[in-house]
Amino acid sequence: MAYIVTHNKQESFEQLKKLIIAFNKEYAVYKTDKYKEAQLRIDFLNPLLKIFGWDVDNEEGKSQFLRDIIQEESIDVDDEDVITKKNPDYTLRIQGVRKVFIEAKKASIDLSIDNKAAFQTRRYGWNANLGISILTNFDTLVVYDCRYKPSAKDIVSIARYKIFHYSEFEKFFDELYDLLSFESIANGYIEEYFSLTEKETTTFDDEFLRQIEHWRESLAKDVVANNPEINNEEINFLIQRLLNRIVFLRICEDREIEKFETLRKIKSYDELKELFRISDKKYNSGLFDFIEDIFSLKINLNSEILIQIFNELYYPQSPYDFSIVDPTILSQIYERYLGSKIFIGEENQVFIVEEPEVAASNGVVPTPKLVVKSIIEETLSSLINGKSLDEIQLLKIADICCGSGTFLISVYDYLIERNIVGLVSQGVHNDEIIYQTFDGTYHLTLKAKHQIIKDNIFGVDINPYAVEVTKFSLLLKLLENENAGSINNFLVKYNQKVLPNLEDNIKCGNSLVDNTYFEYNPDAIENDELLFKLKPFNWLKEFPFLVETNGFDALVGNPPYVRIQNIVKYSIEEIDYFQSDISGYKVATSEVFDKYYLFIQRAISLINDNGVLGYIVPHKFFIIKGGKSLRSFITTSASLFKILHFGVTQVFPNRSTYTAILILDKKEREKFYFKRIRRITSDLSVDAINYDNYLSNKYQSLPWVFVSKPTEVVFERIGSGNVIALQSIAEIAVGLQTSADKTYIFQPLAETESTYIFESKGIQYEVEKDICKPCLYDLSFGLFDTVEHNAKMLFPYTIVGGKAEVFTEEYFEQNYPLAWAYLNIFKTTLSKRSINGSKEPKWYQFGRSQSLTRFHNTPKLIWSVLSTKPGYVYDQENLQFTGGGNGPYYSLFTNSKYSLFYILGILAHPVIEAMVKSGASEFRGAYYSHGKQFIENLPIRKIDFDNLDEKQQHDDIVKTVKQLINTKSTINQETIYAKRNILKCKMDTLYSRLFQQINLLYNISDEDVNVVMSDEMLNNIICED
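Using the numbering used here, the final residue of the sequence shown is 1044, and nothing's skipped along the way.
Because the hints were derived from the structure by calculation, they are not lab data. On a predicted model such as this, the values are computed, not experimentally measured, just so you know. Note that the Cβ used here is the ideal one computed from N, Cα and C, for glycine as well. One or more hints might be untrue.
Said to hold, decoys possible - Lysine-lysine pairs mimicking DSSO-like chemistry, simulated, CA-CA at most 30 Å apart:
#: 1; residue 1: LYS694; residue 2: LYS406
#: 2; residue 1: LYS685; residue 2: LYS605
#: 3; residue 1: LYS516; residue 2: LYS560
#: 4; residue 1: LYS951; residue 2: LYS858
#: 5; residue 1: LYS286; residue 2: LYS172
#: 6; residue 1: LYS951; residue 2: LYS639
#: 7; residue 1: LYS388; residue 2: LYS181
#: 8; residue 1: LYS284; residue 2: LYS168
#: 9; residue 1: LYS50; residue 2: LYS81
#: 10; residue 1: LYS686; residue 2: LYS473
#: 11; residue 1: LYS292; residue 2: LYS278
#: 12; residue 1: LYS284; residue 2: LYS172
#: 13; residue 1: LYS317; residue 2: LYS516
#: 14; residue 1: LYS388; residue 2: LYS466
#: 15; residue 1: LYS858; residue 2: LYS822
#: 16; residue 1: LYS284; residue 2: LYS240
#: 17; residue 1: LYS605; residue 2: LYS292
#: 18; residue 1: LYS286; residue 2: LYS168
Stated by the list, open to error - Listed next, with one range per pair, are the computed distances between beta-carbon atoms:
#: 19; residue 1: TYR830; residue 2: ILE995; range: 49 to 59 Å
#: 20; residue 1: SER127; residue 2: ARG229; range: 34 to 44 Å
#: 21; residue 1: SER407; residue 2: ILE326; range: 27 to 37 Å
Model the full structure from these sequences, guided by the hints.
Here it is in structure tokens:
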């Protein structure tokens, strides 16, 4: 029977049943040793994969870069104590990205007890950083969890996720479909259920990072002990270069470029230096160069440490197989590695310390490969489409914050692919440029790859060690698909060294500080230490071709996200320059900005008129007030081309960072493309036909709000009617800001006639009642609730003439001795706060002076800043609460004839709430912000209070809202179930009445409501990580 590729689940099931019958029919024959693996693959495994949707024979004619399956991908595997050549039989790929390895065995082998086959299968997947690998002979199918470090000593059941006998395939079809089908894997099932970020696992990247960090520390301690004169800069450079050289040579061994176990035979540092000299003659990339690296020749190094490191790079001490390790994974490992450095302390003690900015952001998190790939494709596809190969070869592409080179590796991959596709389509047969292997796959020659790296790829980073790693990563990438034969052929044929020197391509410098710094600070020319730290970068000197090209053709990357507070803290020498006229940074004029603002402006200035910029950045600037300067700069100095908006979907593991991919160019565009990304899968990069488009002229300096076209029409009609901005009729206020809530706010455990008793960190305290005010603290509530205080707040102020005056110390101590004694316990901590709003601040007053008297005898609305729905409540009980720009609470006071109940009724309407949501900052858990900037311009229907009909509309809404508040309060107090149900029906009726009253007020139709409430931009289920 012929089995066909199908993506229909039911059809898959029917075909699978027939395949099972076929296997069962001649079962005894298939289980004999004479029935070979190769025949099994043809008869059963190829059909099995087709049944689950995999195009085994490439019937669709996909290019070699996008084929579903690669068969017999070459890998070295340990066979007991002997290294033998072995190929994983199938590599399952989505959009060219490998997802699962399948290892085939003869049906006669019992896979439930074969330790060697289990280790072999696990080793493949672990080294490739895959979630699972599969071992099968059709009789049995075993799924191994590859997030756990394999060992040849492991029993066969270790990391075995599932085992299926062929007789169970029908019974467990749904589970098999999830694990094996093209549809399931393309939709991200493996990434979702076999997450590489779970703490219990030991993935390749975590293990190798741990190992190289351990080697760094061991080497550093030994070097310092034997070379006490060494300084911090020298030790970091030395160890970085040494590890790069060792890892490079070990990888070359597994790729069969160098003789296997060459490093393992080294017994001393002198022997290792000799190996480096030999390698320098062969590779000549600067990696092994001792001319610039004289210090490496002078040091003494303990041979035992080197021998230990070498042993840990080989089986059986480690399961590493560097022939399969993706250079991008290595690059990302080094990205994390670069977040810390060696520090020599007193008495030559060695420490590993985090870089300050890294520590402030809780460590380095590399950009996931799929996201990098998408940025590169989205950025370069429009640039390259329609260009000849000669034109492509002239492109200048850069990452000006290149880190360990992850983005540049992806640029290299993309250019290799486009060159091969172009050459093949043109029928070019030139073995100087391209060749074909026995399996029909095309590759560029080493010489052609040289040209791509040297002519097309450039990078800048302020960290000199990152520059070294980027070069290292690119050189490793260059040697992919090479072997000893191809290397020797290159050496003989061209009489030049194997690797190019990348000194002219990858530079060390500060991309944000150029030579204008010397105009800003003329004295800097005399201060070498300052210059060493700032590293001003002269673009035209370092990249002279920019004069001719008028800029780069493309810039890509993930610029650092550093808030202004941390720029001030860690880069004080830069901040005033950034905000000066001399620097030219228009995006730094705002009081609140981020370092990525500066990178976007710099990048736009560096691309030429036909250039494209692709960055992943936080999307918060789309809508916040502090983002206005950046929005304005982008839309006046460039054009929006594409936005891939991740919403609350988390791109970076173990981070709460809300990001978007921003593609900009300098072409005049009537419209741009927008796509909301709910899940990160292999088809993240899609054609523009799958995008929504928006008119460019509507997205300038005002907040960028993205809703569907029909919803936009509804919003515009409501906003252009007889309305007034909410801030014109009401005051929106923050809460009290103590800057030490856990000290000032407490929940009483007991009370006496004049005091409250409470506990903090296991210790009981007592304070006077008269210094306390009722307040809200970490309390959730819903729309129309009646809120009561749940905590008390120490309030060391007296109210005089409507103003708050902080207690004098004498008055405080004399009248409230218990509270005075309590706060004195925390005096040291309280004194460190930044206290504003007072010429002579007292250490015990609140951190800010806003709203100190605002809540006295004034009715107000209160709501939580972060919520998943409207949660406004009415209060007239003088409740206090805390809250700054980010909450937890805000309040609103009317300063006009408009009733608070009228405003509350409008804010409760779902269409008005959708207007808030559409322009608000988003957070995980479906939360979004109700901060002042997102509600202050809501359109409130004007009322002509001299017009009886309009006044009646106003009053009817006020009446309904009061009834809703009273009814909900009664429901919450009622204990009889039947009565509660009757009251709930009353509540529903009142809400429906209010809903219709607001509809009539704004002329909102039922269709309008349906349009807004069904808008995928606002209401689609958000994917959690």
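| Does the alpha-carbon distance linking LYS286 and LYS168 stay inside the 30 Å limit? | holds (28 Å)
| query | Is LYS685 close enough to LYS605, meaning Cα to Cα at most 30 Å? | reply | Since the Cα atoms of LYS685 and LYS605 sit roughly 18 Å apart, the hinted pair holds (cutoff 30 Å).
| Straight-line Cα separation of LYS694 and LYS406 no greater than 30 Å? | holds (26 Å)
| Does the Cβ pair SER127, ARG229 satisfy 34 to 44 Å? | holds (40 Å)
| task | Could you grab the alpha-carbon distance between LYS317 and LYS516 and see if it respects the 30 Å cut-off? | result | Status holds; Cα separation ~26 Å.
| field | Cβ distance range 27 to 37 Å for SER407 and ILE326, holds or violated | value | violated (54 Å)
| said: Would the hint linking LYS686 and LYS473 be met if the CA-CA limit is 30 Å? | reply: Distance of about 28 Å is within 30 Å: holds.
| query | Are the Cα atoms of LYS284 and LYS172 separated by 30 Å or less? | reply | holds (25 Å)
| message | Check the hint pairing LYS284 with LYS240 against an upper bound of 30 Å on the C-alpha distance. | response | Measuring from Cα to Cα gives roughly 24 Å; hence the hint holds.
| message | Would the hint linking LYS951 and LYS639 be met if the CA-CA limit is 30 Å? | response | holds (15 Å)
| CA of LYS605 to CA of LYS292, is that 30 Å or under? | Distance ~51 Å between LYS605 and LYS292 Cα, so the pair is violated.
| request: For the pair supplied as a hint, LYS858 and LYS822, confirm whether the alpha-carbon distance does not exceed 30 Å. | output: Holds, at roughly 16 Å.
Consistency note: the structure conflicts with the earlier hints numbered 9, 17 and 21.
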